[in-house]
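Colleague: Listed below, chain by chain, are the residues.
There are 4 protein chains.
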Amino acid sequence: MTQSAKIKIAIVGASGYTGLELARLLATHPQADVVAVTSEQNPGVAYDRFFPGLRGFVSPHLTLSAIGQKDQQGKWPGLDSLLKKAEVFFTALPHGTSTECVNYLYEKGARIIDLSADFRLKNLEVYEAWYGQHTAAHLVPEAVYGIPEFHRADMKKTRIIANPGCYPTSAIFALAPLLKHELIDTKTIVIDSKSGTSGAGRTAKQNILFSEISEGIRAYGVAHHRHTPEIEQELSSLAGHDIRVTFTPHLVPMHRGILTVAYGQLKDLKTDAQILELYRAFYKNECYVRVTDELPDSRNVRGSYFVDLSVRIDARTQRVIAISTIDNLNRGASGQAIAGFNLMMGFDEGLGLNHPPLLP
Amino acid sequence: MTQSAKIKIAIVGASGYTGLELARLLATHPQADVVAVTSEQNPGVAYDRFFPGLRGFVSPHLTLSAIGQKDQQGKWPGLDSLLKKAEVFFTALPHGTSTECVNYLYEKGARIIDLSADFRLKNLEVYEAWYGQHTAAHLVPEAVYGIPEFHRADMKKTRIIANPGCYPTSAIFALAPLLKHELIDTKTIVIDSKSGTSGAGRTAKQNILFSEISEGIRAYGVAHHRHTPEIEQELSSLAGHDIRVTFTPHLVPMHRGILTVAYGQLKDLKTDAQILELYRAFYKNECYVRVTDELPDSRNVRGSYFVDLSVRIDARTQRVIAISTIDNLNRGASGQAIAGFNLMMGFDEGLGLNHPPLLP
Amino acid sequence: MTQSAKIKIAIVGASGYTGLELARLLATHPQADVVAVTSEQNPGVAYDRFFPGLRGFVSPHLTLSAIGQKDQQGKWPGLDSLLKKAEVFFTALPHGTSTECVNYLYEKGARIIDLSADFRLKNLEVYEAWYGQHTAAHLVPEAVYGIPEFHRADMKKTRIIANPGCYPTSAIFALAPLLKHELIDTKTIVIDSKSGTSGAGRTAKQNILFSEISEGIRAYGVAHHRHTPEIEQELSSLAGHDIRVTFTPHLVPMHRGILTVAYGQLKDLKTDAQILELYRAFYKNECYVRVTDELPDSRNVRGSYFVDLSVRIDARTQRVIAISTIDNLNRGASGQAIAGFNLMMGFDEGLGLNHPPLLP
Amino acid sequence: MTQSAKIKIAIVGASGYTGLELARLLATHPQADVVAVTSEQNPGVAYDRFFPGLRGFVSPHLTLSAIGQKDQQGKWPGLDSLLKKAEVFFTALPHGTSTECVNYLYEKGARIIDLSADFRLKNLEVYEAWYGQHTAAHLVPEAVYGIPEFHRADMKKTRIIANPGCYPTSAIFALAPLLKHELIDTKTIVIDSKSGTSGAGRTAKQNILFSEISEGIRAYGVAHHRHTPEIEQELSSLAGHDIRVTFTPHLVPMHRGILTVAYGQLKDLKTDAQILELYRAFYKNECYVRVTDELPDSRNVRGSYFVDLSVRIDARTQRVIAISTIDNLNRGASGQAIAGFNLMMGFDEGLGLNHPPLLP
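Protein chains in written order, with my numbering: chain G, 36 to 395; chain A, 36 to 395; chain Z, 36 to 395; chain S, 36 to 395.
Treat the hints loosely; a few may be bogus.
Where chains are identical, the list cannot tell them apart; a pair therefore holds if satisfied intra-copy or between any two copies.
[Unchecked claim] The list that follows gives simulated cross-link-like pairs (lysine to aspartate or glutamate, EDC-like), each with its CA atoms no further than 20 Å apart:
1) K222 x D303
2) K240 x E160
3) K240 x E329
4) K157 x D277
Bear in mind the hints are in silico, worked out from the structure with no lab data behind them.
With the hints as extra help, turn the sequences into a complete structure.
Modeller: This is the structure we're talking about:
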């Protein structure tokens, strides 16, 4: 296939880590051609000077532009000029501000993979309780929650993919077999997740300085993190009834990686071997999910698209402990977005994603 | 008080991190004089060459000796020579091997703060289920589990203190007010702990190389960690009935620090303010326990003796989330051992321990 | 000595890492009473909430105040109110802005240890070439460059100490014996220094986020770092003639520590043993300088006031390689400032500074 | 090209980081088929259980074997069985022990890329002064020192490539333009290099434990590191006369990356712009060398094959400061070995190596 036949892509919001990860992965994707990148703060900067590590992987002429705002006539020049260049848009804008942009692009016929939280929650009441008013509620039904392993068929048919959050992705993979097989008392689910700092973004904030992160660990957003309803939506769907969970995220002194440990009370005691076999069977057709005897280590997925999973029984308390790990920027954000793009365009789901992890 | 009046101390097992931390803290303790240090692998090495950072804080004549073994006549020359020099022994030997040594020292009239797990579990059946046969079972009743805040009176009267494990210390502080006040269903306790790597020791092992730890997180010992029965013993004692918990430890890429997040189902819903007030009241006389509105950060206790604590309610699930953090080497091991020494000798509990944390 | 007899101290600029390190060290200094702390950005915040790790070590009533600005009548209310409370001022303001503040305090009779660069350079032309115009040039002769080992006598007699920079401190200790003994060709000096990130400050900047620092190393300020003339001033003074050096700083993914490797061409070849002996002799009366056979490791001074030093000969090229390490916040900033305070007040030089390093 | 047409490869010594990096990179190399991996310590272990991160990238049937030793009849069964399977051998054995193995394989007609130091030094006297006796000296002339940018033509024609050391690679790129253009006094070269810990290997050693590395920096091998003669050989060749350098390596708390800062006295003063232009011209045909205006950051090459370079003039001392950075495992070891394989086999030099760096 010639260069000209590649899909023209715009990354809207390319100055953060998810934008960088999209650019990194798309640089070697055989069907992608990133033709536009945007940043409201850094218009005019060549992208390979903005991220010098990308030199040689993006055109030296690829330059950050600003999308600006919609004008009073309802036109949005910054997006219109992108629409002339690109047919698929990865929108990685701050949660909330992306709604209007996605709506505009959708109206103009574009295909969108949205990395914000705006189109993930199907229940508007829930959305508004956690995020405030929704400005493009009519699009919510069209958007498909983009975990291929759970929504593959729908992802192939939509023009908007709501790319899942990093914590929800890890939690859903850990708990899905238990819920699908109705093995646990769904009132007893506790999800304890640990994330690297790239999940906290690239904006200069004192509390994520190296000197404030290294050699320490802390929980945050306890009992109030916005990924909670997203986790609950997908778990409820798997279980067939409404589920509420306790979810605790932590910040760990590392760049990449989420390790999620999920706890639940078993209805009937199982052995480690039985539960592992059940997980293996559940994911047996999924080549990007690796169920292992050994406990997962986030290092084994760093830089890769894999979900590594294992599970144990605490026989003394009849509790199951499911452990998953993903790279928060790859499977937890940009990699999964590209899988969504692949499905939407009819490509092989893992095209451009099949990289081994960087070890060590 | 003159130099000669200080208490003569031997550190038996001084080549690891707990030994180093004892030496570091005792170096500026006004009543302590470390007169002997031992290491089976490094006899004859001056201690300030073994740990060059200690140069100037220990005598250049303080040299590592080996304790060797008991002979066939039941004499133990390596310990006998220590008994001539020292009156108090901090034993930081590998779990199991320290039993015989402690027994010998005790028989000879010494005072012992034992940092192994050998004398922590009061129920011998439990001990043997987790550790194997006990070779000095008759001493177990004499040993006092050494968290000052919970066993202060007994610690003052004993000649053997069983210094608590790092994870149990953090978990017990987090959960004690809930159990004492009977606020939670004790069948629902989940304890998820994250530790720095110094807890894994100083012995050369491939899985704790920098290149195998940095930029990663992993759980280990899931459902089987030996600190579980120790946590259960103390929580059961606080609750007044037998409790079983699920306990999951993790290894985090940092030197020092444990962050423990403990979950339990509340019998009656409370507010954050109510539960915080209850915690504050519970620890109000304890100057080394800091109950804070803010969520704890392990960095705030690094190098110090403090326990930092906070607690939250997840109203949506009626669950309480108690979070504690300690320095695993200081409060989680050597600092608490020194508090035990202080109590045993009639000194002020915090003598030599009142250092601010090292930030950043 | 009673509490009331302690010296009342104000830390002007207490929200950064040098301020925090001053507070940490002064908290256990037997003659210091920190009565005021300032921050222009955070007035009104209790200091032990601003730095929760300090809880229990500073009064809960110690609250950050703003110093504001001098008014048109030449009065400075923010400083006047401090002058009523405190007699000694540690000024840790951004370089340049502190000049006027120091001048005002000096005029009012206060004693000042200034942690900025404003009073370090004795040659005004040099100062202005690197920093711009000096607004209190008349005070420069009064200020004493505050490395006790080299300016002890003068430090005892002054009311202004210009506290040295972190890199210069490490470089001067490494090279002093070579220059004093005229062992090297002074045109051949290359100084290659590596620093932890706390030296880059606590202000939110993107390039010092954890995600931008961890797992990387970079040089910065190559051939243009402002510590160059400060190093040259002191080395020239030791050599008795003007010296120019090449100085390259680096940012290393760690909190604390500077390792400086200094190179020079030997006039006459020496052995390792000879040069080590010469260093030992040079520093033989200095208890906070540890000359060791082993190569220094920055970890061995972390959190401490020590300078660790060693030196090697590259016989093949007749070059000497002198290596020093310090804690950039302690000996490289706040610890040395407290030594200056001690000397100025007639206390023992190391009062409150004799802490062992935190290992690991 | 079909699967069967790929080149059959054996990795002899596959349990360390260079072996892992070879396996990682070859897993997605379009012309490589790794058919054998060896480890003397772990025979019989499936390679994707040995390195679980590789699961899905190597055959589940690829199992570590031991090569054992040559027997008294001069047969080497362990290698003979490999020779039946593979035609190209990457030998990543400890320096010294690989000599005999390479010799045996060469005699049997195999092609070899040797990652040890054994065939790098062309002058046997120099080799023996630094490494001891050479047991296959007759092969040294046949071996080509494998930096493509400097020895491309010879690499295409040989059956043995001596893969360069990590430090030498970084130093040679930094200094080559200066030497080729005779811009510096070659008696003044100082090379100060900083490396991540993966360069220290994967063998369990106490001094590279996380707890002994994190939060610290130290120099090692000062004036005696074995990469010195290797650097000198190549620099001498570029200069056309014998050169001796001072070389100082450091261990930095990060996985991957080397930053080398090289200093030299300019014969004639140049500007930054002039020297940068000269570097750009020197490397203008090399697509894996990125000469940048900005100072290099090791993070920008992590996981990649690139050499990033910049250069500055210290006009005050007429010194040039050349800075290079590479990934020590990729360009500094396994990546460059694969480039050597590519050249040897007639493939495109960068085949399978054109990956962007992993950021952050």
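Colleague: If any of the earlier hints don't hold here, list their numbers in rising order.
Modeller: Hint 2 is the one this structure does not satisfy, whereas the remaining hints hold.
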